[in-house]
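J.: Throw the hints in and build the complete structure from the sequences for me.
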Amino acid sequence: MIAFNKARACARKFHQQRKRESWIKYVSNITCSTSSKEVWNKIRKLSGKYNASPVSMLVSNGVSINTIPEIANTLAETFAKTSSCDNYTPTFQALKRREERCSLYVDYVQISYSSKFLNVAERQIQTTINNFTKWAEQNGFVFSTEKTVSVIFSRKRGVSPNPELFIGRSLIKVKEFKFLGLIFDQSLHRHLKDLKIRSAKALNILKVLANTRWGADRTSLLRLYRALIRSKLDYGSVVYSSVCKSLLKILDPVHHQGLRLCLGAFRTSPVESLYAEAYEPPLDLRRKYLCLNHFMKIQSMKTNTAYSYLFNFSLYDFNGHCSSLTFLQPFHFRIRDLINDLNLNIGRIALCKISEVPPWKVIYPKVDFTLSCYSKACTLASTYRTLYLEYRELFSDYEPIFTDGSKSESHVGSAVVSLITVITDALPISASIYTAELHALRIAIEHISLSCSKKFIIYTDSLSALQSIVSLHSLSHPILVDITYALANHLKKDIRFCWIPGHAGITGNELADTAA
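The sequence shown begins at 1 in the UniProt record's numbering and counts up one residue at a time.
Just so you know, the hints here were simulated from the structure itself, not pulled from any lab data.
Mixed in with the good hints there might be a few duds.
[As the list claims (entries may be wrong)] Here are the computed lysine-lysine pairs in the DSBU-like style, where the Cα-Cα straight-line distance is at most 35 Å: (1) Lys353 with Lys178; (2) Lys302 with Lys178; (3) Lys116 with Lys134.
[Stated by the list, open to error] Quick list of simulated restraints, FRET-style, between CB atoms: (4) Ser471 with Thr379: 23 to 29 Å; (5) Asp337 with Leu165: 42 to 48 Å; (6) Phe395 with Phe333: 52 to 58 Å.
All values derive from a computational prediction rather than experimental measurement.
Positions of the beta carbon are idealized from the N, C-alpha and C atoms, including for glycine.
T.: The structure is reproduced here in structure tokens:
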């Protein structure tokens with residue numbers, strides 16, 4: 001019996017050791033060279049989740065569709081048709097007045113009204129509710145009175161307003177409500193506490209992957225941190241960054257702990273060292289960065305409902321806002337102060353455009369990245385020139401066009417060089433080099449539209465610009481929208497793109513670089 005117990009203990013110890021070795025091997029395979037898909041598959045398995053199988057077949061109008069592209073096109077056309085304004089009657093579209101603000105997400109409807117007088121806001125919201133309820137009854141919809149609540153946000157202290165709103169019965173009055181992942185209350189304190197709990201819980205995945213002797217490497221852990229934890233901290237930061245700094249500081253320990261796990265740092269390591277090692281800014285700077293991005297995005301979208309509130313000064317009582325030092329400033333004034341503090345010079349911002357080409361009908365151009373397979377640090381300029389000449393010989397019947405963009409402290413420009421002409425154009429000094437490269441490609445396509453030739457190949461040294469053109473997010477940039485639309489209208493012309501290295505002695509590229 002003693003021998004049996006010893007053998008069983010030895011077997012149990014061996015089994016546990018093998019499980020530990022298997023776990024270490026499984027986790028240690030997560031490195032910076034591991035593909036994102038493989039990393040996320042491992043993370044899902046660790047969480048007990050399995051990969052969802054794609055839709056294998058779709059039936060539309062009695063016709064079976066089996067291929068993934070055709071299924072995607074069918075779904076896209078159906079979604080576009082369903083979400084069109086043509087499905088809503090003019091009566092329904094006229095229900096919302098300019099003073100009322102409504103937002104709809106899936107089956108959640110939010111109605112808000114701002115006024116100095118409670119009775120005015122109460123009357124306007126009740127009128128809007130009555131109109132929506134009447135329309136819903138006529139079209140077979142019902143608003144749930146159990147799930148509908150009312151929340152009041154007041155700047156006055158010591159006042160407990162008690163409005164009466166009805167949908168068949170009096171609506172429930174609550175102090176906080178969760179809408180689109182944010183818990184709205186008088187101070188947003190409840191949302192920050194909930195955010196801290198959820199973010200700290202997400203840190204557990206880093207704890208099981210990080211170890212000083214084994215586990216995933218630093219690069220992979222930082223990627224997971226940014227995807228799983230920092231994304232939670234970023235979401236809604238434009239809204240909750242208006243609260244006082246003492247409340248915002250409760251999120252800093254989560255940020256610091258995540259960086260310590262990724263870097264394997266001691267608990268006593270200064271946070272400034274963590275920021276430098278991980279290339280991560282403090283959460284305060286991160287929130288300011290996201291607010292500036294949001295401001296720029298709204299400035300480029302005049303149709304956004306927030307545009308008039310951000311750029312119409314008459315809507316605000318500036319003196320009233322500044323009269324109380326404890327008052328939390330609206331987003332517009334916070335951004336204005338931030339721009340003044342940073343001494344930012346915001347020039348012209350290109351307006352966002354809606355592509356006239358549906359996403360499922362976008363024709364992605366032919367782009368050759370062959371030369372990008374060679375490392376520029378390990379490849380001689382003469383080798384690049386030889387490879388370019390071989391490629392040029394392969395497409396000798398195509399007319400070559402070279403584009404380039406440049407940016408310096410006093411100049412931002414784009415240039416296009418063809419066999420017969422050189423075209424240059426200057427951009428605002430605040431434009432990025434990425435914008436300059438895209439602008440050069442747009443000029444090249446405009447030049448092609450005026451040419452009688454049928455075959456063209458555009459050479460550029462901007463890898464990011466070409467990757468944007470072929471990506472699924474090409475409709476997010478106004479210049480990319482113009483390029484996509486121009487390519488769709490030039491179906492009778494064969495236009496190709498090719499990446500070439502810059503400053504490698506290729507004649508056309510050097511001429512374009514000099515002109516830019």
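J.: Give a verdict on every hint.
T.: Hints, verified against the model:
no. : hint                           : in the structure
1   : Lys353 with Lys178             : 32 Å, holds
2   : Lys302 with Lys178             : 28 Å, holds
3   : Lys116 with Lys134             : 28 Å, holds
4   : Ser471 with Thr379: 23 to 29 Å : 26 Å, holds
5   : Asp337 with Leu165: 42 to 48 Å : 36 Å, violated
6   : Phe395 with Phe333: 52 to 58 Å : 56 Å, holds
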